[in-house]
Amino acid sequence: MDATSAAHAAQHHAPPTSFIRKHVFSLDHKVIGKQYYALALVAVLIGMALSWLMRIHLGWTDVAIPGLQVLSPNGAPGGKITPEYYLSLMTMHATLMVFFVLTTAPFAAFGNYFLPIQVGAEDMPFPHFNMMSFWTIFVGFCVLISAFFVGDGPPLSGWTAYAPLSAIGKAGGPGQGTGQVLWATAICIFCISQLLGALNFISTVLDMRTKGMTLARLPVTVWAWFITSCMGLTAFAVLMPATILLILDHVAGTSFFVASGLVINDQLIPHSGGSTLLWQHLFWFFGHPEVYIAIVPGMGIVTHVLVTNMRRPMLSMKAILYSFWAIAFLSYMVYGHHMFVSGMNPISSLAFSFPTLLITIPSTILVLIWIGSLYGSKLRINSASLFALGFISMFVSGGVSGFFLAQPSIDIMLHATYFVVGHFHMVMGVAAMFGIFSGTYFWFPKMTGRMMNETLGKVHFWLTFVGTYCIFMPFHYLGWAANVRRYASFTDDYIKPLIPLHQFITIAALFTGAAQLIFIYNLIYSRFKGAPAPDNPWEGTSLEWSMSSPPPWNNFGGKDPVVYHDPYQYGVKSSTGTDYVMQNSPEKIAAGED
Amino acid sequence: MAKLLALTIIVIAIASAVPVVMHTWVAPADVSTHGRLIDEQMSETMIEAGVSFLAAQIILAIFIWKFSSLRSDGKMRTFPGGAKGLVIAAIVLVGAEVLALGVFGVKAWATVYFTPPSADAIPVQCQAGQFAFYFRYPGPDGKFGPLHPEMINEANQNLFGLDPEHDPDSRDDIVTAEMAIPVNKEIHLLMHAKDVSHSFYVPALRIHQDFVPGLDLSLHFTATKIGKYEIVCSQLCGLGHYSMRAYLNVMSREDFDDWLKKQAALQ
Numbered sequence: 001m002d003a004t005s006a007a008h009a010a011q012h013h014a015p016p017t018s019f020i021r022k023h024v025f026s027l028d029h030k031v032i033g034k035q036y037y038a039l040a041l042v043a044v045l046i047g048m049a050l051s052w053l054m055r056i057h058l059g060w061t062d063v064a065i066p067g068l069q070v071l072s073p074n075g076a077p078g079g080k081i082t083p084e085y086y087l088s089l090m091t092m093h094a095t096l097m098v099f100f101v102l103t104t105a106p107f108a109a110f111g112n113y114f115l116p117i118q119v120g121a122e123d124m125p126f127p128h129f130n131m132m133s134f135w136t137i138f139v140g141f142c143v144l145i146s147a148f149f150v151g152d153g154p155p156l157s158g159w160t161a162y163a164p165l166s167a168i169g170k171a172g173g174p175g176q177g178t179g180q181v182l183w184a185t186a187i188c189i190f191c192i193s194q195l196l197g198a199l200n201f202i203s204t205v206l207d208m209r210t211k212g213m214t215l216a217r218l219p220v221t222v223w224a225w226f227i228t229s230c231m232g233l234t235a236f237a238v239l240m241p242a243t244i245l246l247i248l249d250h251v252a253g254t255s256f257f258v259a260s261g262l263v264i265n266d267q268l269i270p271h272s273g274g275s276t277l278l279w280q281h282l283f284w285f286f287g288h289p290e291v292y293i294a295i296v297p298g299m300g301i302v303t304h305v306l307v308t309n310m311r312r313p314m315l316s317m318k319a320i321l322y323s324f325w326a327i328a329f330l331s332y333m334v335y336g337h338h339m340f341v342s343g344m345n346p347i348s349s350l351a352f353s354f355p356t357l358l359i360t361i362p363s364t365i366l367v368l369i370w371i372g373s374l375y376g377s378k379l380r381i382n383s384a385s386l387f388a389l390g391f392i393s394m395f396v397s398g399g400v401s402g403f404f405l406a407q408p409s410i411d412i413m414l415h416a417t418y419f420v421v422g423h424f425h426m427v428m429g430v431a432a433m434f435g436i437f438s439g440t441y442f443w444f445p446k447m448t449g450r451m452m453n454e455t456l457g458k459v460h461f462w463l464t465f466v467g468t469y470c471i472f473m474p475f476h477y478l479g480w481a482a483n484v485r486r487y488a489s490f491t492d493d494y495i496k497p498l499i500p501l502h503q504f505i506t507i508a509a510l511f512t513g514a515a516q517l518i519f520i521y522n523l524i525y526s527r528f529k530g531a532p533a534p535d536n537p538w539e540g541t542s543l544e545w546s547m548s549s550p551p552p553w554n555n556f557g558g559k560d561p562v563v564y565h566d567p568y569q570y571g572v573k574s575s576t577g578t579d580y581v582m583q584n585s586p587e588k589i590a591a592g593e594d
Numbered sequence: 001m002a003k004l005l006a007l008t009i010i011v012i013a014i015a016s017a018v019p020v021v022m023h024t025w026v027a028p029a030d031v032s033t034h035g036r037l038i039d040e041q042m043s044e045t046m047i048e049a050g051v052s053f054l055a056a057q058i059i060l061a062i063f064i065w066k067f068s069s070l071r072s073d074g075k076m077r078t079f080p081g082g083a084k085g086l087v088i089a090a091i092v093l094v095g096a097e098v099l100a101l102g103v104f105g106v107k108a109w110a111t112v113y114f115t116p117p118s119a120d121a122i123p124v125q126c127q128a129g130q131f132a133f134y135f136r137y138p139g140p141d142g143k144f145g146p147l148h149p150e151m152i153n154e155a156n157q158n159l160f161g162l163d164p165e166h167d168p169d170s171r172d173d174i175v176t177a178e179m180a181i182p183v184n185k186e187i188h189l190l191m192h193a194k195d196v197s198h199s200f201y202v203p204a205l206r207i208h209q210d211f212v213p214g215l216d217l218s219l220h221f222t223a224t225k226i227g228k229y230e231i232v233c234s235q236l237c238g239l240g241h242y243s244m245r246a247y248l249n250v251m252s253r254e255d256f257d258d259w260l261k262k263q264a265a266l267q
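Protein sequence lines correspond, in order, to chains D and B.
One point on numbering: in my numbering, the residue at position 307 of the first sequence is 307, and numbering is uninterrupted.
One point on numbering: in my numbering, the residue at position 73 of the second sequence is 73, and numbering is uninterrupted.
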């Protein structure tokens, strides 16, 4: 028995019989994938609601939001948001979105569900680790949410939690005591979950591929999840100890991130010898790869969806895969661009600037291959492909602003302004969300056995596409006008004239947010009442379309599928008259139409 | 549907560019000697990024318009030159763009960070603390007295923790809540954080630098226009972050000397 066969033997587990094993503590990668998706859905709804509150406050600072005082008597007395509560809303919004949505949905949710299927495996090699990974993240989520309800308020030092503000405890002001410790604990737990998940993903790709599924025959989504896992394994392995050190600064009297001689309220802080910049280095060593951890799975999904709907292979899948690897490799060498004006050695700034500029090359190659592949194709327009096209548009818009932020001299003007907020929301927020939407419309039939409503899907796309541009493009204008971010209100003379633009953004955010309710309705309605889905509704070629919708508990009915072809055999003449041949079809492929 | 999307992308792309071309929302005008280099670098980047943005969006839109499944011509075609041409174009064009921006950008950065302040630059110390900036001038002896953080006492107005009783250099130090400087004279700013991280951001001066607790940094700059400009904090420092600011008053040399004398008398 060779190593691969041994791994295959180890993955078999009995069919689940009890309710708990089926739906709660499930070992089935598909159920775990859906659990991740549900968690991301809850997190995104909370995160979006928080952003509404923030936007209302920024547009109309003195307005009272009815009912908010019930949720937080201290944070919003009389429904009016206090400056510290604004910062807490911002911190929780960003933490939920970055960790529990953008990392969770495209990677952990879709990856868990489809990676084993696409490589032809019955499950991941370590199903118990997989189950633990979900329930660990769930605990992390609960710990984070509990920070809303602690006495001295939720944390307010942002998702970046810069020390020493985040490390000095209650002396730093509201939210810096228990709330901050809960934040660090939640992130630490989250890291454990990601490390377990990454190990499983990597092992699945390396050891669980079915017969004939060579590395060259892996669908692009598998490569995207594999590369993301490699990044996650190294990035979260740095963030986790960093959060532990931060917790120790709070609870054990250590001084990893707090320097000597700091004074608050005329009192010396009882710490000495720590380094302010150490936290920033550790955080951004994780933080920049994290941007790609959020976006690379989306790139994989969008490529997979586009190629299916264009009915032809990409111009060069190799160029796409090499670009993924180049982005992943460079992501560790660019993190210092978050710290150009941090007090880091200014020569380092130049050293970090060049790889940051260089990363635009693989990014441009991706965009050109996507757009060039559209040329001469027969693009099918549906909700999934619309969101995939929207992804490209958003990725371009968010990408070009990277040109500005990659240069230290320009960063002098744009650092910590709304330009940065516009940049990352477009490139890792909205673009990644479009990847999630595209994947949802594409794979929902396989995951549930029912089709989503296409009309509602298209309405959702149009409102979201136009709406997100209305929200995030003006952020760049605010940044050019030097509008500093993370302000609870705008009292500076030169910023006050920008408030009408903030009000426009707020209105756009409320409308675009409301449009997401169409998606939620479509998701829930279609889950129970949608038209039954055929096994292969989009005429796809990868292995997920070779099984029933939804798949049986053991994926391939206890047999190992055999793979004969590269993943995207479109634009060919099959023996049944279709324009595609599936990966597990033994038939020989005739020359294509062109 | 495909054509509508193509049109929407083009409209969004052009509409996004209009406020940039019209200069609808811009930063406060530059009043520094080095700012021109930064502004030029910004303009060049704006042109290169703007052209890339418009070209990519418009070509994407054209291809969506032309190549949806509804087109009458059913033949598949491949992009002329295939992937190789596109990859080479990306490496050459973007590579050249990156090299140009990277190399030229060094000059602006070097002007701010790699040149030492001149020997006769006026030293001013700025201390950032939750949620105010305070400034210190060395007085006639030209020397700052040492800081004793444990002696900071806001009620007694000992904002920097000075000990004039034991430190002769501190006796003539002048502490103010507003920063005044003479026009066309280089300033050597010494930055000290009292509690947590803050930032010294003066958009009109094209100056932006974090305060790092435990690590005193310095900057130098020259203001070229008399006027009052805002110094704002851009590093999240707690609940009052949004309100943390001070004014930079750029004066004629005579007015500055008068101002300094008046401040000395108030100590």
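Keep in mind that the hints are not guaranteed to be accurate.
Residues of chain B placed beyond 12 Å of chain D at every Cβ, according to the derived structure [stated by the list, open to error]: (1) Glu44; (2) Asp120; (3) Gln130.
Estimated spans, in silico, between C-beta atoms of each pair [said to hold, decoys possible]: (4) D:Asp266 x B:Pro116: 33 to 43 Å; (5) D:Tyr521 x B:Val18: 27 to 37 Å; (6) B:Met22 x D:Met333: 32 to 42 Å; (7) D:Asp266 x B:Val26: 25 to 35 Å; (8) B:Leu93 x D:Thr214: 29 to 39 Å; (9) B:Val11 x D:Asn554: 49 to 59 Å; (10) B:Leu93 x D:Asp266: 53 to 63 Å; (11) B:Met22 x D:Thr214: 47 to 57 Å; (12) D:Pro552 x B:Val11: 24 to 34 Å; (13) B:Pro80 x D:Thr576: 40 to 50 Å; (14) B:Lys3 x D:Tyr521: 47 to 57 Å; (15) D:Lys170 x B:Leu217: 49 to 59 Å.
Since the hints were made in silico from the structure, they are not lab data.
Glycine included, C-beta positions come from ideal geometry on N, C-alpha and C.
Non-conforming hints, listed in increasing numerical order: 1, 3, 7, 12, 13, 14 and 15
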